[in-house]
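**Student:** Single-letter residue listing:
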Amino acid sequence: MIRRAFIGLGRPKLPYSPVADKGAGSVLQVPQPARAIFFVDQPYKDRAGLAIKEGDEVKRGEPIAPFADSKSYALSSVSGVISSIEPYTGARGQKMTAVTVEAKGDAWGPGPGSTPTLEAGLKYLENCAGGLSLARVADGKINSLLVMGVEKDLLSTAVGQVVSEKASSIKKGVDALKKMTGAQKAFIVVPPGLAKIAEGCGCEVKVLNAPYPAGIDRLVLASLFSVTVPAGKSPEDVGFLVVPAESAAAVGEAFSTGRVPDEKVVTLIGKDASAKPLNFRVRIGTPVADVLKLGNVTVNNSDRVILGGPMRGKAVYSLKMPIEPDTDAILVQAADDLPEIADNSCINCGECVRACPARIQVNMLARFLENAHYEEAAARYDLLSCVECGLCSFVCTAKIPIFQYITLGKHELARLGAEA
Amino acid sequence: MNGEKKLVVSHAPFWHDGRSIAARNYNTMLAALPAALMGLWIFGGHALGVLSLCIGTAMAWELLLNKIMKRPVSIGNGSAALTGMLLGMVLPASAPVWMVIVATFVAVVLGMVIYGGLGGNPFSPVILALAVLGVSWPLYFNYNYMLQTYDTGFAMAYPLAQLKAFGPGAVTQFSVADFLMGKQSGGIGATFGLGLIAGGLYLIVRGFIRWEISFSFLAGVLVTAWLFNASDSSAYAGPAIHLLSGYTLIGAFFLATDDSSSPVNFIPMLIYGAGAGILTVLIRNIGMYVDGVVLAILLMNVANPLIDAIRPKALGKVVNNA
Chain L
52 MIRRAFIGLG RPKLPYSPVA DKGAGSVLQV PQPARAIFFV DQPYKDRAGL
102 AIKEGDEVKR GEPIAPFADS KSYALSSVSG VISSIEPYTG ARGQKMTAVT
152 VEAKGDAWGP GPGSTPTLEA GLKYLENCAG GLSLARVADG KINSLLVMGV
202 EKDLLSTAVG QVVSEKASSI KKGVDALKKM TGAQKAFIVV PPGLAKIAEG
252 CGCEVKVLNA PYPAGIDRLV LASLFSVTVP AGKSPEDVGF LVVPAESAAA
302 VGEAFSTGRV PDEKVVTLIG KDASAKPLNF RVRIGTPVAD VLKLGNVTVN
352 NSDRVILGGP MRGKAVYSLK MPIEPDTDAI LVQAADDLPE IADNSCINCG
402 ECVRACPARI QVNMLARFLE NAHYEEAAAR YDLLSCVECG LCSFVCTAKI
452 PIFQYITLGK HELARLGAEA
Chain W
3 MNGEKKLVVS HAPFWHDGRS IAARNYNTML AALPAALMGL WIFGGHALGV
53 LSLCIGTAMA WELLLNKIMK RPVSIGNGSA ALTGMLLGMV LPASAPVWMV
103 IVATFVAVVL GMVIYGGLGG NPFSPVILAL AVLGVSWPLY FNYNYMLQTY
153 DTGFAMAYPL AQLKAFGPGA VTQFSVADFL MGKQSGGIGA TFGLGLIAGG
203 LYLIVRGFIR WEISFSFLAG VLVTAWLFNA SDSSAYAGPA IHLLSGYTLI
253 GAFFLATDDS SSPVNFIPML IYGAGAGILT VLIRNIGMYV DGVVLAILLM
303 NVANPLIDAI RPKALGKVVN NA
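These protein sequence lines are chains L and W, in that order. Just so we're aligned, residue 52 is where the first sequence starts under my numbering, counting upward by one. Just so we're aligned, residue 3 is where the second sequence starts under my numbering, counting upward by one.
Heads up, a few of these hints could be off.
Claimed, not checked - Okay, derived cross-link-like pairs now, DSSO-like style, lysine-lysine, Cα gap no bigger than 27 Å in a straight line:
no. : chain 1 : residue 1 : chain 2 : residue 2
1   : W       : LYS8      : L       : LYS146
2   : W       : LYS8      : L       : LYS450
3   : W       : LYS7      : L       : LYS365
4   : L       : LYS344    : W       : LYS7
5   : W       : LYS7      : L       : LYS327
6   : W       : LYS315    : L       : LYS146
In short, the hints are calculated from the structure, not lab data. None of these values were measured; they are calculated from a predicted model.
Excised from the complex, chain W in its bound form (with noise of 0.2 Å):
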């Protein structure tokens, strides 16, 4: 070998697209910035320091697991980022610190870096601790009560609480051109559906969320909740209310699509999309809370690996029918 040009070594291919995670989680944040800065806009500075302080703290979390477990540090890829801005769109703005703080370390720590880190977890982290937050305190998920002293100029009454306290008739007031424009209560994120819509259709052309996930939640919400409109148009609401209040949009784009807790099959990611909107319905409904979306798509984490078990038969397998 002597004199000879020392040549790199590897295995095919060769080639590589260009993608990243890091580019991935990037350009989720960057589809879910028109829903946040509308947040900022509508509820003000408090809610900029929920923001700021889930994505700052959700980071703190994973870097500290890394030197206590003595792994490399993971935080640039920006998955601990994404959870913790994806968290803070779901915060009501008057979230206390300690609420934020409580709330990234259930979805980083016990959501996912238990599990070994991303990729690893079984539900979405973001979901985990809106599910536990919101069973250990409900009151700080009651919109009507957090937001009680915001005056934003439109009606601040959560609209899935007055529906379910009220029935249909208490959310005739809301119309669907506010829906769209963010003036509704709710998370912090979570209301300009517009904003949301527009960085789910991001995320669906460059490939980075799978359609068919977002797709088919949104007509499992549709047509659950049409088929309860059309039995007891007194007692149910229209789906309009349904998909465009509540979590159900941030649900359907940017927390059902979770990578590493959603199948990855074409007929699983229907089942699972479609279960999801149809539990939230069901829940919303006749269930005891107020909004179905967590724990709907928490019940489809639970299932995925089931669900992603029905798929294609590989080239050449052979299955002995004994």
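Only chain L is shown next, with the shape it has when bound in the complex (with noise of 0.2 Å):
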């Protein structure tokens, strides 16, 4: 963990960890999973509305589309069969269905070919290795890709490994991505380590040499483009599709092997921190317990394990939780590491303030969504302007859950937003 500096003075500083060796020799492979789960982000209603049933088989890249009346799936990366179909809801309320596939056999299902179009993106690419969306490329405002080529969170070196050893996959995928949403510029966002390397990949180059959290797109769109994201926009709105490095890859792979990679690389990150943390290559859908095996990390009772990084990554409650496609990193704390939390008020000390890096009056934003004044949160105190970088939770004096009030505000909102 790392603590404030005796000298207090200025922001928290948290520097991005670099890749230390470069190249593939350094990613140990996880072997394909006796059992998948993936999750289709559509709710489960009832067993009537399913067009798939147990004991249907599926194939490694094959889309599973569980619904009769959605388009929404999730891509098998294990040959076998489905095992069950459950509801399932996701760590921030989401309703969503998980689909457990028993792992048989090596066999490739259909792919996307090898012409880039968009209907080839949305049967098949949606949701592949890194969590592309396309979703909103229809809307036919995207004029530019900005791929991303630094990492989502802190100690995670999973995008950097990805960059440094697939530069000639993401050019391919850039080149199937600008052909499948008409975008006539690309952009690819590194670290300076690997501004050299990402000149291979077909963009243009743009280094970002700032600590954590510089490197969440909305952050990256204000620094380095001057383009700001509306409170309550994406990136789509203002024409950029915002691509994790992994997932142009993949894409680069899917139209030139005719098959959607099924694999991403993840940075496993054990209690002792002064170990050195390990890239895996692993099938999406593999059980944590796979990885930490083969990482030899021991989880005892009480210990939290987090799918993603220390910021922004979530908490997940047991072991056979699967590697989702955009999961980069898994970190282990043990019982006796977790810092506390408290109920505490505000004390008005300001230190959110001057950490945010969306501006946002966190200070007030608490005290409105500790009392579930959602709408006015929102409307005097910018909680849609929230990058959710979870730095006001980490340098609360108070200790207060800030960064949990404002997902739940959000989420509250969309659902009295949903409502009305």
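Work from the hints to combine the two standalone chains into their complex.
**Tutor:** What follows is the structure, encoded as structure tokens:
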């Protein structure tokens, strides 16, 4: 854990981790799991609405679309038989559907072919490795691709690993995505150490030399492109399609091999802070336990296992939980290493205000959110400007879970909006 | 879930940088300690009694209110102790027991707890208590009266009272060195200029107080006093005495910087500090009170929510210029 320095002037300094050994040899391969779980971003209503059933066969790279009335799907990373279809609630209350597949054999399913079209992308590449989202491309507003070659969170080196070993695939992917989206320009944002490699990605290279949270897409757009994404809108609304570097590589490989890559790179950070984090290549949907086992990390009662990094990740309640397409890291914290959270009231020290990269009046926002005034929080104190970096909670003197209040506020606001 | 490990689940972030309310308060007490100890050295046993009683009763009031209101006991975070300590430092060494108890009651109960405890207070609790007591029992804040029996070996006339009554000619006997070394009349912990400055710098460097407030407060005092002095040096004293006597230094580093009642944005902090500094000298020079720090800070506390509304535009905020 990074502690506050004795000298307390200025913002917290939280550098991103650079990739230590570049190249493919440093990545360990996790074997194919016996059972994989995939989440489909649609609520499970009842069995009558299902288009698939237990016992159905799926193949590698094949989209599993569980609903008759929705195109939402998850890409299977194993060949085998569906063993269960269940409702699942995400860490932030998202209503989803979990599909479990028992692995059997190693056959590949149909692929997107070799001609990059938006239809092929929507049918085979949505939520591929890295967590690509093409849903908004059809609006026709995209004019630039923003390939994210910077880490999403601290400690992780997975994105850097992908950029350093897959520049040529990223180049193919960018070319394909340009054709699919009609974007004229493509940019790749990388940390200084990867600037040279990134020149082979077929994009204009933008070097981001700043500590966390500068690598969050909205902050990148603001700092390197002088483009402001309006609060409550997304980068697509201002013409940028944000493409994780791993997704760009996956798209490139999908159209050159005809198979959608079903593996991704994940950084494993164990309890020993001094040990070097390891990168693993793992099938999406693999249970966390499989990766921990290969990395020799033992988990005890009251430990915490986090998918993603220390600032923006999500804690899981079971080691059976799968690696998701956008999971870049697994962080394990020992029971006696968990920071305390308190229900103090805000003492107005202003640390959060100084730490906030979105210039939100967090001290006031927290007061409104604590008292469930969500609409006022959005209207007067910029709830929707939040880029979700977590620094406010990180620096909070009163140890208030501000980030959690913000997530809750956004969730409740979306719910109120949906009901209205 | 059979046979599975029971994991702790919570919301991000999963790190914290380790700061806490208790560390903040205890460090502020540590920073105030040199000035308090010098006060005890100069004013002796009675000062120790006042300071101890202040800290003790402040914590007792909070504990009592915690029990009455059936709230979790909050004296462990040091805020009541800090309030008591700072309050003791701005009282005269000869303050009677009843006055100390009333002062801590006003500071802790009327200044903090009834607003919901630490963080809810619109005024600095110490400043509020000083204002209420100073208006109610002005004689007990007349340092020339309160400290007349003390033989300290240096001039015990209260500089600001001399200045008010007899003009700048009466304060030429005081030297800057004496002010800095605590050789002046005043509150128990408010006289040792060097100690207060060292404590204040410690808090600034550690990030426990906001330097903008302290510096702009002192700058406000300096510039205003200098302007007065420049306009008529026979009627108004120079900046040195305004900066180094009375409650100016303890106000700049320990009272105006109270978290809850001061702004957090850059420009508002400058306005707040400078406003309090300017008002201090205005009250001292043309107002009716001997020392203006208390009422100046109290007034800026009132204005704080309004001033702190001056804020930068949030990322992505769309302003409709209809």
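**Student:** Hint by hint, say whether it matches the structure.
**Tutor:** Hint check:
This hinted pair checks out: W:LYS8 and L:LYS146 have alpha carbons roughly 24 Å apart, not beyond 27 Å. With a CA separation close to 24 Å, the supplied pair W:LYS8 and L:LYS450 stays within the 27 Å bound. A threshold of 27 Å between alpha carbons decides the hint, and for W:LYS7 with L:LYS365 the separation of about 17 Å falls inside it, so the pair holds. The hinted pair formed by L:LYS344 and W:LYS7 meets the criterion: a straight-line CA distance of about 14 Å does not exceed 27 Å.
At roughly 25 Å between alpha-carbon atoms, W:LYS7 and L:LYS327 fall within 27 Å of each other, so this suggested pair holds. For the hint linking W:LYS315 to L:LYS146, the alpha-carbon distance of about 34 Å lies beyond 27 Å, and the restraint is violated.
When each numbered hint is compared with the structure, a violation occurs for hint 6 only.
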